[in-house]
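> Given chain A, put chain B with the ligand in place with the hints provided.
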Amino acid sequence: MSHQYVAVQWTRRKFIYDAILIGLMALYLLAFMQTSHWIADLRGIELETDGVAIRAYGSAAYILLHLTLAIGPLSRLHPWFHTLLFNRRHMGVMVFLLGAIHVSGWTLPSQPWIWFGMRTPKLPWAFYGSVAWYNNFGDLKPLVSLFTVNRHFGSLALFPFELLGVIGLIVLFVMAAISHDFWLANLTAPVWKAIHMSVYVGYAALVGHVLLGALQTNRNPWLAVLVLSGALALLTLHLLSGWREWRPDRADLAQPGQSWVDVGALQDIADGAAKVVMLSGERVAVFRRGGSVFALSNVCQHQNGPLGEGRIVNNCAVCPWHGYEYELDTGASPPPFHESVPTFPVQLREGRILISPVPMAAVQR
Amino acid sequence: MNNFFVHYRPLPPGLKRFLLLVLTVLVTLIVVLGFWEPSLQNQYGPGRRQPVKELSGWLLDGPGGAQLLVPQPGQTTQGQTFNRVLLAGPGKTIPPPAVMDHVGDWVKVRGSLFSRGPLDVMNTRKATPMRPPLGTPEANVVGHSEGEFTLRGEIVDSKCFSGVMKPGSGKAHMGCAIRCISGGVPAVFHVRREDGSALDFVLIDDQNQTVNERVLPLVAQPLELKGEVIRFDNLLAIRANPESYQPLKP
Ligand code: FES
Chain A
-11 MSHQYVAVQW TRRKFIYDAI LIGLMALYLL AFMQTSHWIA DLRGIELETD
39 GVAIRAYGSA AYILLHLTLA IGPLSRLHPW FHTLLFNRRH MGVMVFLLGA
89 IHVSGWTLPS QPWIWFGMRT PKLPWAFYGS VAWYNNFGDL KPLVSLFTVN
139 RHFGSLALFP FELLGVIGLI VLFVMAAISH DFWLANLTAP VWKAIHMSVY
189 VGYAALVGHV LLGALQTNRN PWLAVLVLSG ALALLTLHLL SGWREWRPDR
239 ADLAQPGQSW VDVGALQDIA DGAAKVVMLS GERVAVFRRG GSVFALSNVC
289 QHQNGPLGEG RIVNNCAVCP WHGYEYELDT GASPPPFHES VPTFPVQLRE
339 GRILISPVPM AAVQR
Chain B
216 MNNFFVHYRP LPPGLKRFLL LVLTVLVTLI VVLGFWEPSL QNQYGPGRRQ
266 PVKELSGWLL DGPGGAQLLV PQPGQTTQGQ TFNRVLLAGP GKTIPPPAVM
316 DHVGDWVKVR GSLFSRGPLD VMNTRKATPM RPPLGTPEAN VVGHSEGEFT
366 LRGEIVDSKC FSGVMKPGSG KAHMGCAIRC ISGGVPAVFH VRREDGSALD
416 FVLIDDQNQT VNERVLPLVA QPLELKGEVI RFDNLLAIRA NPESYQPLKP
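In order, the protein sequences belong to chains A and B. Read in order, the letters of the first sequence are residues -11 to 353 in our numbering. Read in order, the letters of the second sequence are residues 216 to 465 in our numbering.
Some clues are possibly wrong.
As the list claims (entries may be wrong) - Straight-line C-alpha distance at most 25 Å; calculated SDA-like pairs for lysine to any residue:
1) A:K110 to B:P266
2) A:K181 to A:P330
3) B:K464 to A:L85
4) A:K2 to B:L226
5) B:K268 to B:T343
6) A:K2 to A:K110
7) B:K464 to B:E363
8) A:K129 to B:T308
9) B:K231 to A:I4
10) A:K2 to B:R224
11) B:K464 to A:H140
12) B:K231 to A:L85
13) A:K263 to A:K110
14) B:K231 to A:L225
15) B:K231 to A:P67
16) B:K231 to A:A14
17) A:K263 to B:L230
Source of the hints: derived by calculation from the structure; they are not laboratory data.
Here chain A stands alone, though its shape is the one from the complex (with noise of 0.2 Å):
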């Protein structure tokens, strides 16, 4: 299996989606600042800008990490969704990069000038970041007083929560550089999407981060509120993807040593679309084609996107999550692609749909 490498593939719509993600996270950043110094001219006081702004990216990645991991089970429970999944990994290298931000400032885009030893050009927007604010300028280096500062480990009140943050940052900096279909292609799609389930250990962390940082100091009811109610809510639309995910996958239809398994009318699939059965514990995507049926692994070779959700376009089985197509017959990506998804042995009988549980050998191009 190969890929054709393309920095990325963009098409009109992937440029409105990522507008529409840079827009939304400006006009929070924008409304958090502005509104800090709202208050702070209200009560009279000053206000200190590298914390707002710290902790306006903070919550900034949190809150999209949030949206980013919604995707996944909503587009599970809806396909309307899909047209949010298609374009999710430029949300989580946004979150990363809203991440970086929180914990280096924008004192990172002066780097390539310190290295040199030359004078940074003063950024208006320039602020320190969570680590150089903290850490800096003291008797220790940053990193060093990151990581030995706060040794309360045996208790949960004084935890040093920041270490946490440094573990959500480090899956989340993972995920951003393995996000191209380059390492998707070199580490196959299982070995990728392993590494990608680590995304649950960083959420989990950064839960922790937040909720030993700022909640312990911060004894705000609605911030408690906001950060259970975020987590409660990701929890519930997975299990309930889950479950739906699940139930069908007991029922696999084949028999031990079954050679062609019933597995539905031809009337009950609708024309141009799928339905997914599982068979000897691998799911098939049935589909039908006017009088025509055919049979393919529902696992997409791209991502592992649920092939049966997709629709037939021009012969071919789309996948519903990126558009990777497959020939009904042959389950070969058309050329120049490369891809290929195994096939089913199919017969109908009197409409009735039998599938060979035993794959042929996926057709190399």
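Okay, now just chain B with the ligand, sitting in the frame of chain A:
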């Protein structure tokens, strides 16, 4: 084929309305959170940064750290001849030798002044020794005992707390406060009274020495201190051995 979306093909008509709905929900969510969250976050504090100032006074090292004793203008009230300004260097450090070499002298210093209630802290790099003006009172180095007290509060670093950072206290500020106190910025015990008012005490041990290195593991957590409260002009200090500080349940 209804409503099947692939990003490189035209958008099915029904989906457009759905997407507009999603977008409206998202914009509302972002706007609500963007305006609401700042009021939930602990990012305010009454500390103020004043414009760069020049002050003259006696430079002393203690109690609790370097300080400048600036004579109060006009009549001096009983027991408060001076306004004591705590001194710190740039960043999280004690003032550099260009300042500390002149301990005991009458000096002029320049720097940003941070103030929170009666607490004044100045960033200084250099002190210029001068002849004290005629009739300048002598500094009272012994202080005036106010008696034994039991106080509950939190150790903060005087510099961030007095206005460099907001709120400059609490668990989230722990790392920074430890760095400051470890660097020699005077450690202060911040006590919030039941009526909402607050008192701040410079920490000294029973030899009147600074306690900075010895209190690092106790910074930014609830503590109970028993000791003698001593007034040095406007500055309150609590004299107790760090070994006797009692951590309270957070
Ligand atoms: S998973 Fe991406 S196209 Fe199928």
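> It remains to establish, for every hint, whether it holds in the given structure.
Evaluation of the provided hints:
1. A:K110 to B:P266: With Cα atoms ~22 Å apart, A:K110 and B:P266 stay inside 25 Å; holds.
2. A:K181 to A:P330: 20 Å, holds
3. B:K464 to A:L85: Violated: B:K464 and A:L85 sit about 37 Å apart, past 25 Å.
4. A:K2 to B:L226: 13 Å, holds
5. B:K268 to B:T343: 14 Å, holds
6. A:K2 to A:K110: Not OK: A:K2 and A:K110 at ~33 Å, beyond 25 Å, violated.
7. B:K464 to B:E363: 23 Å, holds
8. A:K129 to B:T308: OK: A:K129 and B:T308 at ~13 Å, within 25 Å.
9. B:K231 to A:I4: 13 Å, holds
10. A:K2 to B:R224: 12 Å, holds
11. B:K464 to A:H140: 13 Å, holds
12. B:K231 to A:L85: 29 Å, violated
13. A:K263 to A:K110: 59 Å, violated
14. B:K231 to A:L225: 24 Å, holds
15. B:K231 to A:P67: 14 Å, holds
16. B:K231 to A:A14: 24 Å, holds
17. A:K263 to B:L230: The hint holds at about 22 Å.
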